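K.L.:
Each chain, letter by letter, is given below.
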Amino acid sequence: MKRLLLSLLLVTSFLPASYAADNKPEETPAPKIKVGDMAPDFTLQDQNGNKVSLHDFKGKKNVALAFYIFAFTGG
Amino acid sequence: MQAFQQNLAKLEAADTQVLGVSMDSRFSNQAWAEKIGVSFPLLSDWGGDVTKEYGLYNPKYKAARRVNYLIDKNGKVIEMQLDSEAIDPSKVVQACEARKLGR
Chain A
1 MKRLLLSLLL
11 VTSFLPASYA
21 ADNKPEETPA
31 PKIKVGDMAP
41 DFTLQDQNGN
51 KVSLHDFKGK
61 KNVALAFYIF
71 AFTGG
Chain B
1 MQAFQQNLAK
11 LEAADTQVLG
21 VSMDSRFSNQ
31 AWAEKIGVSF
41 PLLSDWGGDV
51 TKEYGLYNPK
61 YKAARRVNYL
71 IDKNGKVIEM
81 QLDSEAIDPS
91 KVVQACEARK
101 LGR
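Residue numbers (this note's numbering), protein chains in the order written: chain A, 1 to 75; chain B, 1 to 103.
Read the hints as simulated data drawn from the structure, not as lab findings. Check before you lean on any hint, since a few could be wrong.
Simulated crosslink set (SDA-like; lysine to any residue; CA at most 25 Å straight-line) [to be verified]:
(1) B/K73 x B/S25
(2) B/K76 x A/F72
(3) A/K34 x B/E85
(4) A/K58 x B/V38
(5) A/K61 x A/D37
(6) A/K34 x B/G37
(7) B/K62 x B/S25
(8) B/K91 x B/G75
(9) B/K52 x A/K2
(10) B/K91 x B/G37
Computed from a prediction, not measured in an experiment: that's the story for all the values here.
Please work from the sequences and hints to get the whole structure.
P.N.:
Structure, rendered in structure tokens:
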């Protein structure tokens, strides 16, 4: 009985670790651009069809660049 | 993006331009911007070239990860928040305000 309890305890103590591992974004590697890097320039179209480039703001403003997953979702 | 819109006045006061980016089409972004009242640019990275250049492409969703960058006036990244950390923009707002004060 003692043995059974011990093995049960062992099994359950491993559960949280494996569960956490399963939830990790295993297929998403670390971002290429990190703090301290120069942000690569881009030119993209906004919702009104205007072209917007990162270099438009160089020397003028900071840029808060917010990547989001999909339109029509929260955040 | 709603959270950035709510903080837009603070960010603009701290010399910061907000740009949203996703792999949605421009028309999807247009409809969404109208629906939720976003007044800053939502940029369409159709095809994902920019998303991939930044290393933010998530193959599982075939979309960008949720990431906030704060880029200074010289083009250097000074703040980054990933995934769930990137929902609340208050860290970005604080960093902008600190810079405005001449940290």
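K.L.:
A separate judgement is required for each hint: does it hold in the structure or not?
P.N.:
Outcome of the hint check:
1. B/K73 x B/S25: violated (28 Å)
2. B/K76 x A/F72: violated (30 Å)
3. A/K34 x B/E85: holds (15 Å)
4. A/K58 x B/V38: holds (23 Å)
5. A/K61 x A/D37: holds (17 Å)
6. A/K34 x B/G37: Violated: A/K34 and B/G37 sit about 30 Å apart, past 25 Å.
7. B/K62 x B/S25: holds (14 Å)
8. B/K91 x B/G75: At roughly 19 Å apart (the allowed maximum being 25 Å), B/G75 and B/K91 satisfy the hint.
9. B/K52 x A/K2: Given that 25 Å is the threshold and the Cα spacing comes to 55 Å, the pair is violated.
10. B/K91 x B/G37: The given pair, whose Cα atoms are some 22 Å apart, holds under the 25 Å limit.
Taken one by one, the earlier hints fail for this structure at numbers 1, 2, 6, 9, listed in ascending order.
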